[in-house]
Amino acid sequence: MKIPMTRSAGLAIAGIVAVGIIYACAGQRTATTNLVTGDAASKVYVAPGSYDEYYAFMSGGYSGQVSVYGLPSGRLLKLVPVFSQFAEDGYGYDAETKPLLETTYGFIPWDDSHHPELSMTDGVPDGRWLFINANNTPRIARIDLTRFETDEIIQIPNSAGGHASPFTTPNTKYVVSATRFSVPIPNTDVAIDSYKKNFKGTLSFITADQPGKMDIAFQILMPGYNYDLGHAGKGPSDGWFFFTSYNSEQANTKLEENASQNDKDYIAAVNYKRAEECVAQGQAKATTTEYYHNYVDPGSRQAKSEKKTSVKIVDPANCAGVVYYLPTPKSPHGVDVDPTGEYIVAGGKLATVIPVHSFTKLQKAIADKAFDKTVDGIPVLKYDAVMAGEVQKPGLGPLHTEFDGKGYAYTSMFISSEVVKWKLGTWEVVDRAPTYYSIGHLMIPGGDSKHPWGKYLVAMNKITKDRYLPTGPEMAQSAQLFDISGDKMKLLLDFPTIGEPHYAQALPASLIKDKQVKFHKLSENTSPWMTKSEADGGITRNGKHIDIKMIAIRSHFAPDNIEGVQVGDTVNFHVTNIEQDWDILHGFAVLGAQTSELILQPGETRTLTWIPKGPGVYPFYCTDFCSALHQEMQGYIRVSPAGSSVKLMANVSKKTQAQLAEAKKEK
Amino acid sequence: MSRLPRMLFLIAAGLLLVANQLPLWRVSLVAPQYPEGLGMVIDAHTVRGATENDLGNINKLNHYIGMKAIEPSEIPELRVMPWLIAGLALFAAGVALIGKRPVAIAWLASFAALGLVGMWDFWKWEYAYGHDLDYAHAIIKVPGMTYQPPLIGSKQLLNFTATSWPASGTFVLALAFVLGAVALFLKRKHRAVTRTNAAPAARQSQVVLA
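Which chain is which? The protein sequence lines are L and G, in order. Using numbering that gives the first Met the number 0, the letters of the first sequence map in sequence onto residues 0 to 666. Using numbering that gives the first Met the number 0, the letters of the second sequence map in sequence onto residues 0 to 209.
Quick caveat, the hints were computed from the structure, so don't treat them as lab data. What you are looking at is a predicted structure, and each value in this text was computed from that prediction instead of being measured. Among the hints, a few may not be true.
Below, a list of computed lysine to any residue pairs in the SDA-like style, where the Cα atoms sit at most 25 Å apart [as the list claims (entries may be wrong)]:
no.: 1; chain 1: G; residue 1: K59; chain 2: L; residue 2: D559
no.: 2; chain 1: L; residue 1: K520; chain 2: G; residue 2: I69
no.: 3; chain 1: L; residue 1: K512; chain 2: G; residue 2: E51
no.: 4; chain 1: G; residue 1: K123; chain 2: G; residue 2: G86
no.: 5; chain 1: G; residue 1: K140; chain 2: L; residue 2: F624
no.: 6; chain 1: G; residue 1: K59; chain 2: L; residue 2: S522
FRET-style restraints, in silico, Cβ to Cβ [what the hints assert, rightly or not]:
no.: 7; chain 1: L; residue 1: G471; chain 2: G; residue 2: Y134; range: 49 to 59 Å
no.: 8; chain 1: L; residue 1: T539; chain 2: G; residue 2: G86; range: 47 to 57 Å
no.: 9; chain 1: L; residue 1: G105; chain 2: G; residue 2: T45; range: 49 to 59 Å
Each residue gets a CB set at the ideal place from its N, CA and C atoms; glycine is no exception.
Construct all of the structure, not just a fragment, from the sequences and the given hints.
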């Protein structure tokens, strides 16, 4: 949410005094004193050895990763690397995971991850996968929730700024990605001020229910606005998708001002079943383009990259009824569909109301052709014909709304820095709670699904300032946990987060905790570089390319003395952790390697590539404290000058030598 | 022997065959870093981990103290034991068929003898694994320390608490033995009745017992 945040932040700074005074006078804000009351501590205390009730998956924002927290304790459980290299475990450095970060622009070590989205069955999170988008170089990743690992990444072609992503349809048939930045499609060298003529947006629908087989089903070509966020319809609105857009002014410079002119921008209501029909009837145009699809092979645990070259594009001008625009005040950001699927709530970040559209009225307006005008073949419906109601005086800077499943909606207010609780249907504000400071997204477990678990709400704040012990100019961003089980929201806990916790999703721990993989079965490891036992290790030379097959087990490597390598060689250490026990990991690092370590889960094979720069003897060692003799888990590799006569040699352990000798005798 | 004691021997034969398929003994190991525990199960025909990789993981840990790897194929008794138990079952069926008291006593005696020898042999293996350590290659050497797990009960072995208990198969074997003993006891009671009462009464009592 970088741009909206900057925009809103700018507005906040500019208007903070005036706004503060107006709102204080209007008496709409509760005092900003610390509101923790009663037994908050006992409500978030998870005793040693006990488990949290929920897993919360928070995006890392500009860290590019996902962090996993327990709720209600706010304890960090895990960092899952997704779009950024992660030297801590070798993700994006070792040969096995590097292909995941491959794109048409080459290998990319970083991205900006915004919206985690859980896979769903019948509109409810099912705990199979977590999807998350890359904003900068548009991509969507799939994380497997039995291993908490990134398994698949698909690049989105004809797109720039994959922000409205990867929201899921009720049965995870599709995840979507819309362009935050319109660009020439296909991207070509044109004058920037030819924006109105040449720049377009796309809405991409990506098949998502088959692991390892994500693909772009189709893209819908849209007018050149900024597409911001989206949510699928559900129940009666199943089959529809809603995307917010701003910059209907089509400004290409100083958007802060130039894209804030119109009173209303649009929510695009997309009938994706209709799009499927148009594709089936051959009305979509097969367009040449390039994008990467990267996925992990489950047996070898090696990522593979494949380049795809074509995508089907649906033009609304040739597929009547596929998209309608709902006028929505003003520069709308979030678009959230309530659990019944009837109400479509917009967060007009510069609006003074929260507008709510009705799906029933939308269908009637389409039937009655209640159109204002048509933009590039897209009918614009009349605001009054689709509007269900407006929440009056909600606060300032409404961004996002989630639901508790008990008839209430909770909207984050960036500028007035609060969560506002209001009632669906009557549109009256029933409670407010201040946030510290400037809340972006908020999250209720299952709060954008058909059946929210409406017990907790997490506010994800953009500004931290004085909430924790100061740590220099940059502070960790802050999340706040509220108890929403009663009539009034109760603040329970503040906790610092990783990167920018942009959005989050959560589900009951019981849905996934008993499905966790504890180790990879060595018998199912199909890596060509797998070493099954100590006796199978060794070294081979192929020109200037050396492959060393090695095992790691408590508390040694085999082989652990290697000779015959020469300056100018490229050395691949293929290390297999042959342990078959939960949480018994080994690491591997070699002196002077210009890459990260390897971290080896039990039963897996990983590869570290090392180009020794000069002759000498280089130690390698285990980096993950594995056992009482961890400090003894080491070895040496000798590097000789180019052309040296030192023979290629890789020893094996004494025990293995004994075994080998015995095996020979028996034969 | 009358019908009831014979039936009991037949049941004992069946129980022996069932016990052949059940775990006879269980050794569990719990340590601070193994809260979920590791376990070893002894069947008539093999030694295995309580879960898929437990035996492998126990052997990996044991290499630190120089203990020999536990390999079921290296324990010849495991190849004999199922046949001995099956033999006892056949013997019990024979007792039921022949119905002679001395044969029944012979069965009980051989069962008891095999049981005692079995326990002694098990203890001997535990002793061997616990004492016959490869000091030349052992990584952890604690002077005076041996690692014999208990036959029954719990014992602290470095960071592990080893607990050893008979498992279902042993209880089924014990039940088979008890049934045999009861069968003999019934016979004796019947004899007592015959001695003190007239023959028709004895016949009557026999009918009652049957």
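Q) Of the numbered hints stated previously, which ones are contradicted by the structure, given in increasing order? A) none
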